[in-house]
Structures are given as C-alpha cells and as structure tokens.
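Residue numbers (my numbering), protein chains in the order written: chain A, 1 to 224; chain B, 1 to 80; chain C, 1 to 255.
None of these hints come from the bench; they were simulated from the model.
A couple of the hints might just be wrong.
Pairwise CB distance ranges (calculated) [what the hints assert, rightly or not]:
(1) Pro156(C) x Ala197(A): 33 to 41 Å
(2) Arg7(C) x Arg2(A): 39 to 47 Å
(3) Leu212(A) x Leu55(B): 52 to 60 Å
SDA-like mimics (lysine to any residue), calculated; alpha carbons at most 25 Å apart, straight line [what the hints assert, rightly or not]:
(4) Lys18(B) x Arg217(C)
(5) Lys204(C) x Ile37(B)
(6) Lys18(B) x Met17(C)
(7) Lys11(A) x Met1(A)
(8) Lys4(C) x Arg217(C)
(9) Lys18(B) x Ser110(C)
(10) Lys100(C) x Ile37(B)
(11) Lys100(C) x Leu53(B)
(12) Lys100(C) x Thr13(C)
Using N, Cα and C, we set each Cβ at its ideal position, and we do this for glycine too.
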Amino acid sequence: MRRTVGALLRKELLVELRTLESVPGMSLFAVTTFVVFHFALNRNSVDGDLASGILWVTLLFAAILGINRLFVADAEEGGFDGFLLAPVDRSAMLVAKVLTLLAYLVVLEIVAVPAFALLLLGPSLGGAMPGLLVTLALGDIGVAVIGTLVAALAVQTRARDLLGPLLALPLLVPIVIGGARATSPLLALSHPTGAPARWLLTLGLYDLVFGLIAYALFDFLLED
Amino acid sequence: MGALLAELPALPLHTAGKYVAAAYVVAFAIVLIYVAIMGIRLSRIERELGELLQLTESSPEAPAERERESTPAYPMKGHT
Amino acid sequence: MYGKGLRALSIATVAAMALALALVFFYAPLEAEQGFLQKIFYLHVPLAIVALCGFVLGGLLAIQHLRTREARWDMRSYVAIHMSLIFAVATLITGSIWAKGSWGHWWVWSEPTLVSFLIVFLLYATYQPLRFAIEDPERQSRYASVFAVTAGAFVPLNFIAVRLSTAYLHPRVLGSTSNLPGPMALTFVVSLAAMALLFATLCKYELTAKHTRAQVRALRRRLTGETGAPIRRRSAAPSLQPTAASAGSATGSGA
C-alpha cells in the first residue's frame, strides 16, 4: 500500500512539475484576488475578522481551481483504467490524490500568505505564525479530503467544472467556519491572541470524520 | 383572553395572526401542489392503461400471431 | 408492492395532523415573549427535524444500495432525499416568515437552524443535477449513493458547526425547543409525529406512483411485442424494473 501510494504520488508530482497546470494558476489567482479585494473593499489594510475572512475565502476559491483539475488527466487519458488493471488496493489512489492536493495547497499558501501579509494585512505575521500554521494545516487536510472526493464524483459527469465547486462549497463551509474563527484572533490589531482550541478541535474532528467517509466510499467511485 | 393579550409585549394579534396564517398557508400550499402533481401523473397513467386495454381488445389475434412467428422453437439467449 | 400500507398510513397522517392543528390552536398556551406568533414554532421545527432526519435516512438507504446493488434501495434513497428537499424549502420559508414577524427581517444570521438549513439546501440542490449529468444508469445510481452518504454524514456535522459559530455571539432569535412547559411539549410532540407521518405517507405515495408507471411501461412493452432494451430519455430519476416478484400478486405467470 505504501509503495503504491508512493509511486502514485511521485507520478502526480512529476506530472505537475512538468506541465505546471495547477499550482502556478492557483497561486496567481490568489494574489490577483487580494488585489481585487483591495479595490472591492476600498481598504489599504485589514485585520481581525475581515483579514481572516479574506484569507480563507481566497484560499478556498484557489483550492477549487486545483480541485477541478485533479482527476481530469486521469479521466481523459485512461489513467483510471490503467490503475484498475493493476493488482493494488484501490484506496491507494485516494491517499495519493489527497496528498497531492495537500501538496498543492501547501505551495499555494507559501505564496499566498506572504503576499497577503505584504498587500493587505495590517498587523504583522510574526507572532501569529505558529497558530496560523496549525490552523492552515488542519484546514488544508479537510479541503484536500473533501476536494478529492468531490473531484472524483464530478469528473465523470458532463458538467464537471460546474458541479465540482457546487458540490464542494457547502461541504467546505464548516472548514471555513473553523478556520476563519480560529484565525481571526490571531490577526487582531490590538491584543492578538492564540487560536481558540475549540475551533482547532472542530477542524480536526471534521477532517477525521470525512477522512474515514472518503476512505470508505472511494472504492465505489472507481468501479467500471 | 383579552386581558391576557393586553399584557403581552409581542405583536398584536392582527399582525401576528397574518404571519402565522401565512406560514400555515405556505405549508398547506406545498402539500396541495404535490397533490396536484400526483393527480396529473395519475391521469397520465390512466390514459396509458386505457390505451393498453384498447390494444388488447382491438387485436387479440395479431400480437399472439406475431409472437408465434417471431419466437423460435428454442429461444436463444442474446438473439435479437 | 409499494402501495400496500398506503391507506392505513394516510388515515393515520390525517388523524395526527388534525389532532396536532387542534392542539396548536385550541390547547397550547400563548407564549410569554412572542405571543401568537410563536404558533409557527409547531410548524417550523417539526418540518426542520423531519427534513434533517429524511436527509440522514437518504444516506442510510444509499449505504444499503451500495452494499446490495439493488435498484430499489436507490429508488428509496432518491425519494427520501427529494421529499426532504421539499420539506427543507418549507422549513426555510416558514422560518423566514417567523423571523420577519419576530425580528423584522426576512433573514437572520443569528438563528443557527435557518443558517444550517440554507447550507444543507444548497448542497442537496446539486443532487438532481449530479444525477442528470451522469448518463449510464448504473453509474448514476452508484455516484448518487456516494453523494447521499457523504451529504447525510455532513448534515449533523454542519448543524453542530453552525451552532458553535453562533452560540457565543447572539441569543437565539426564535427560541429553543428545550424546557417547554407540559402542554406545549405535548403539542410539539404530536406535531412532530404528524409531520413524520406526513413525510412517510408522501414518500410511500411517490414510490407507489413510480412503481406503477414502471409496471405500465413494462405492460406496454409486452403487449406491443417490443424486444430489446427500451430507448430511455436521459433522466435524473432511478428506474425500477418491475418483476413478477415486485408486483406482489400473480400477474407475471399468467401472461
């Protein structure tokens, strides 16, 4: 199982490095969205709830771009069939794709969070970093799990670019709730505090439950 | 009853009554719309069954004849 | 045979509904804060509870479909979700009317029930487009079942998450269902039972209608002597292949 996941993950990352389909687009989209927010909100700097919200919404919509493209190559070029022929555990594809999407999100955040700090964020990021990293990590896992499941559902339909986001966004609302609420005190202008444990716990539980559900259901999507 | 209502700080009965009535009317309307949709489907089924009944009465020999001709002595699976 | 218990069920629903309405308007006392407007509570909250349970039930039925691969479980899951969606819309509308009456706005973000219903509605509104977008019937049923299970698990989690997010901000606008005095609690329980019976009756009604239509189509195919698979238009609904077993009575052997 681990070898299969490793092989699949290596293939995904190699393909992405060679074609650069998803990650540059996602990162550019995030930075552009920050600019749009500046003009839309008519503000030079944001903090607290507003900053937290802008960050999470932008990350979410950039993630949707990656989710849309996650299984497209497999569906169009027979990747599913090739995988089904191999005598391996089918859940390996789920794990590999989740880790791939997670990797994309991490790279996205490496670009987007400093850009956000540069362009829009009022308070400095220094003290907030540990809490922010933990919150982003938990949120990323949830987005990756749900994104992979929804991408696998949508890729076989006729309107995959439309159905993917429509399915994903309601399912991701609790992650936005947890993530934004946890980040908001970190980015407060005066008296920034740590991320409340309650929201981190919510994020963690949500990730766990949906991880288990995705693991149980994914095989049914791969049959032919 | 009047004295009780005079004490309550909530909306007076004639405005509150409208909202309560609106909510119950909406629920009732939704159920009635469903009944109407089912009624349309029922009449469609009735019409189809009527046609099928006519089909059996008008030509009782023709379908049986057709079946005798088209069905081979030993029905083969997958043969069309 | 889907229509077997339908008469008894519908009579029970009518009786329960009549009793519930009588209790609401003649027995339950007026509430102190909201007065007569609070009567919507006996309509809105049972609708909400039944809709939520219906969505979870749709997920459970979908699990059964994935385990047995029988079309009838997919049909039941589809009908349960469809009916719950209608009940969810009714919940949103009645909740909105209640909010307008008591708070002055048609929508309030501080009422967690309404907010989580909006999210759940937005999610399940994609169920039918998802089904419609997959042409192969077997794959359509399978993917829809996966969606139904995911969404069914999502419903309680979403409820908890939204409730957590509003808990420490504002007091509940529309009041909670705990700590009800005796007569109100009785009225509420009867209303809830009546709404659940209504849901069951409408679902059974829908299943019977679908099955009847499938039987008529099968009869037409047999009478006109068509062979081979029928040309079906693309549809979002699962189809039942009626067999002699499912018809219940001895119709299959005689032809």
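To see whether the hints hold, each was checked on the structure:
With their beta carbons about 22 Å apart, proline 156(C) and alanine 197(A) fall outside the hinted range of 33 to 41 Å. Restraint check, arginine 7(C) to arginine 2(A): a C-beta distance of roughly 59 Å breaks the suggested window 39 to 47 Å. Checked against the hint of 52 to 60 Å, the pair leucine 212(A) and leucine 55(B) passes, with Cβ atoms roughly 54 Å apart. With a C-alpha separation of about 47 Å, the suggested pair lysine 18(B) and arginine 217(C) falls outside the 25 Å cut-off, and the hint is violated.
Straight-line distance between C-alpha atoms of lysine 204(C) and isoleucine 37(B) comes to about 15 Å, which keeps the hinted pair within the 25 Å bound. Restraint check for lysine 18(B) and methionine 17(C): satisfied, since their Cα atoms lie roughly 21 Å apart, inside the 25 Å limit. Simply put, lysine 11(A) and methionine 1(A) have alpha-carbon atoms about 15 Å apart, close enough for the 25 Å limit, and the pair holds. Between lysine 4(C) and arginine 217(C), the direct Cα distance comes to roughly 21 Å. Compliance with the 25 Å bound is thereby established for this hinted pair.
For the given pair, lysine 18(B) sits about 24 Å from serine 110(C) by alpha-carbon distance, which is consistent with the 25 Å threshold. With a C-alpha separation of about 30 Å, the suggested pairing of lysine 100(C) with isoleucine 37(B) is violated against the 25 Å cut-off. Between the alpha carbons of lysine 100(C) and leucine 53(B) the distance comes to roughly 55 Å, so the proposed pair goes past 25 Å and is violated. For the proposed pair lysine 100(C) and threonine 13(C), the alpha carbon gap of about 30 Å is over 25 Å, so the pair is violated.
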